[in-house]
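> What follows is each chain in one-letter form.
There are 2 protein chains.
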Amino acid sequence: MKKYKRLVRLYIPDADFVCGEKFGISEGQAHYLRNVMRKSAGESLRVFNGRDGEWLATIAELNKKSALLELTHKLLEQKQSSDIWVLASPVKKEAFDMMIQKSCELGAAKFIPVTCAHTVVHRINQERLQAIAIEAAEQSERFDVMIVEPLMDLKKVLKSVCCERNVIFCIERVEVASFSETVKKLAGKPLAILIGPEGGFSSQEIDFIQGLEYVNAVTLGSRILKSETALIAALSGVQLLEN
Amino acid sequence: MKKYKRLVRLYIPDADFVCGEKFGISEGQAHYLRNVMRKSAGESLRVFNGRDGEWLATIAELNKKSALLELTHKLLEQKQSSDIWVLASPVKKEAFDMMIQKSCELGAAKFIPVTCAHTVVHRINQERLQAIAIEAAEQSERFDVMIVEPLMDLKKVLKSVCCERNVIFCIERVEVASFSETVKKLAGKPLAILIGPEGGFSSQEIDFIQGLEYVNAVTLGSRILKSETALIAALSGVQLLEN
Chain A
0 MKKYKRLVRL YIPDADFVCG EKFGISEGQA HYLRNVMRKS AGESLRVFNG
50 RDGEWLATIA ELNKKSALLE LTHKLLEQKQ SSDIWVLASP VKKEAFDMMI
100 QKSCELGAAK FIPVTCAHTV VHRINQERLQ AIAIEAAEQS ERFDVMIVEP
150 LMDLKKVLKS VCCERNVIFC IERVEVASFS ETVKKLAGKP LAILIGPEGG
200 FSSQEIDFIQ GLEYVNAVTL GSRILKSETA LIAALSGVQL LEN
Chain B
0 MKKYKRLVRL YIPDADFVCG EKFGISEGQA HYLRNVMRKS AGESLRVFNG
50 RDGEWLATIA ELNKKSALLE LTHKLLEQKQ SSDIWVLASP VKKEAFDMMI
100 QKSCELGAAK FIPVTCAHTV VHRINQERLQ AIAIEAAEQS ERFDVMIVEP
150 LMDLKKVLKS VCCERNVIFC IERVEVASFS ETVKKLAGKP LAILIGPEGG
200 FSSQEIDFIQ GLEYVNAVTL GSRILKSETA LIAALSGVQL LEN
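Line by line, the protein sequences are chains A and B. Following numbering that gives the first Met the number 0, the numbering of the first sequence begins with 0 at its first residue and continues without gaps. Following numbering that gives the first Met the number 0, the numbering of the second sequence begins with 0 at its first residue and continues without gaps.
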């Protein structure tokens with residue numbers, strides 16, 4: 000919908016979308032509309048709630064005391080994101096923020112931060128990271144938002160949380176299967192992409208990971224990629240190969 | 000070569016590599032070895048010059064007055080990078096630095112910054128950007144360095160500089176060919192990936208670009224990607240599909 004592409008786009012998960020319905024928005028969103036985007040009553044924007052597609056809405060009220068939107072009509076039907084999770088070790092703030100943002104932009108359904116042997120960063124601010132994902136969803140025109148999970152232990156996640164999906168394990172300096180052949184083989188199945196911390200996985204971790212039958216080790220090429228580059232390459236690669 | 004993976008790796012384009020040869024390094028590199036990496040005479044590092052593969056070297060002298068390396072033996076044969084260029088509009092500093100870094104990390108041979116109708120940034124520091132590319136080459140274990148060209152006009156570049164390669168034109172909100180089919184069709188040919196500024200290309204530019212017979216318009220999916228994400232997705236996608 001080229002016509003509406005310049006309109007602000009907001010994620011409003013608590014509202015159910017029915018034509019003509021009015022609903023309030025959060026204080027943060029009201030502040031953003033009023034003070035950052037300089038919007039006022041009568042102007043249009045786009046909204047989505049993760050369930051009902053993308054809608055055109057009009058600002059019914061916008062002042063210090065209240066902010067009310069009115070739904071005009073549906074612009075686009077809801078589309079499901081790919082069933083792809085990202086498992087990645089926290090790295091330094093700037094690079095990790097980027098990993099969250101890009102993962103959401105590239106359509107991942109869930110991001111699980113995992114602690115590995117070589118992980119240096121042991122605390123994350125889940126709420127802040129989730130806010131980054133929401134902003135990325137709004138800007139990339141997704142219909143839903145990537146969920147950011149709390150920090151978990153790598154082995155626990157692989158053994159319990161991921162045991163019913165195919166894990167794509169990106170590894171370097173080792174002769175393993177080609178990325179494209181592996182991804183083609185797994186087309187349409189629930190996937191998780193596993194990316195190591197700076198410094199890679201420990202050899203004990205590599206043995207553990209490779210021992211799981213639902214893990215597929217792949218190479219992203221002969222160059223050594225930073226964690227965030229490897230993540231973007233693998234995540235976009237999976238989706239470009241599926242199309 | 001896992002054994003040497005922790006060794007510092009330096010790009011030394013002016014030296015020809017012959018076993019036992021000694022050569023000086025730049026002041027900046029000497030400072031880096033001595034003061035940043037805390038290295039001293041007798042320690043090993045890896046070097047490459049873009050022509051003769053990767054070599055093991057020993058620090059023969061390292062003090063305030065001089066810095067001398069001695070070549071020990073060749074570790075890896077020279078490998079040619081893919082014949083892929085990147086054409087992209089400058090964007091704000093942080094994102095553009097990232098585009099340069101990631102392009103080199105992902106193996107592009109050349110980066111041509113191009114001015115488009117919606118380009119907001121009209122000056123670049125070519126030398127600083129080239130230094131970012133060199134650092135990315137050193138860290139990603141490339142055997143050569145991506146060349147960063149001066150800022151040029153989009154139409155001139157497309158008409159003259161790129162007329163003998165296939166240009167992959169990443170466009171959004173339009174029904175065009177699938178990325179993977181296009182890339183497969185062009186496998187092995189010299190390529191250039193064209194990425195627009197924030198705000199996209201003007202409609203006049205789109206007509207001009209699409210009118211060139213060596214341009215292939217592709218989509219990277221239904222989501223709207225930031226320039227740097229689109230670049231990384233397309234560049235890694237091309238290479239993952241070719242393997």
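It cannot be assumed that every hint is accurate.
Restricting the straight-line Cα-Cα distance to at most 27 Å, the calculated cross-link-like pairs of lysine-lysine (BS3-like) are [to be verified]:
#, chain 1, residue 1, chain 2, residue 2
1, A, Lys38, B, Lys91
2, A, Lys109, A, Lys63
3, A, Lys4, B, Lys91
4, A, Lys1, B, Lys91
5, A, Lys225, B, Lys154
6, A, Lys91, B, Lys78
It should be emphasised that the hints constitute simulated quantities derived from the structure, not laboratory data. All values reported here derive from a predicted model rather than from experimental measurement.
> Each hint needs a verdict: does it hold in this structure or not?
Against the structure, the hints come out as follows:
As the CA atoms of Lys38(A) and Lys91(B) are separated by approximately 25 Å, the hinted pair is consistent with the 27 Å bound. For the suggested pair Lys109(A) and Lys63(A), the alpha carbons sit about 35 Å apart, so the restraint of at most 27 Å is broken. Restraint check for Lys4(A) and Lys91(B): the C-alpha separation of about 21 Å stays at or below 27 Å, so the hint holds. Between the alpha carbons of Lys1(A) and Lys91(B) the distance comes to roughly 25 Å, so the proposed pair stays at or under 27 Å and holds.
Between the alpha carbons of Lys225(A) and Lys154(B) the distance comes to roughly 33 Å, so the proposed pair goes past 27 Å and is violated. Taking the CA atoms of Lys91(A) and Lys78(B), the gap is near 32 Å; set against the 27 Å cutoff, the hint is violated.
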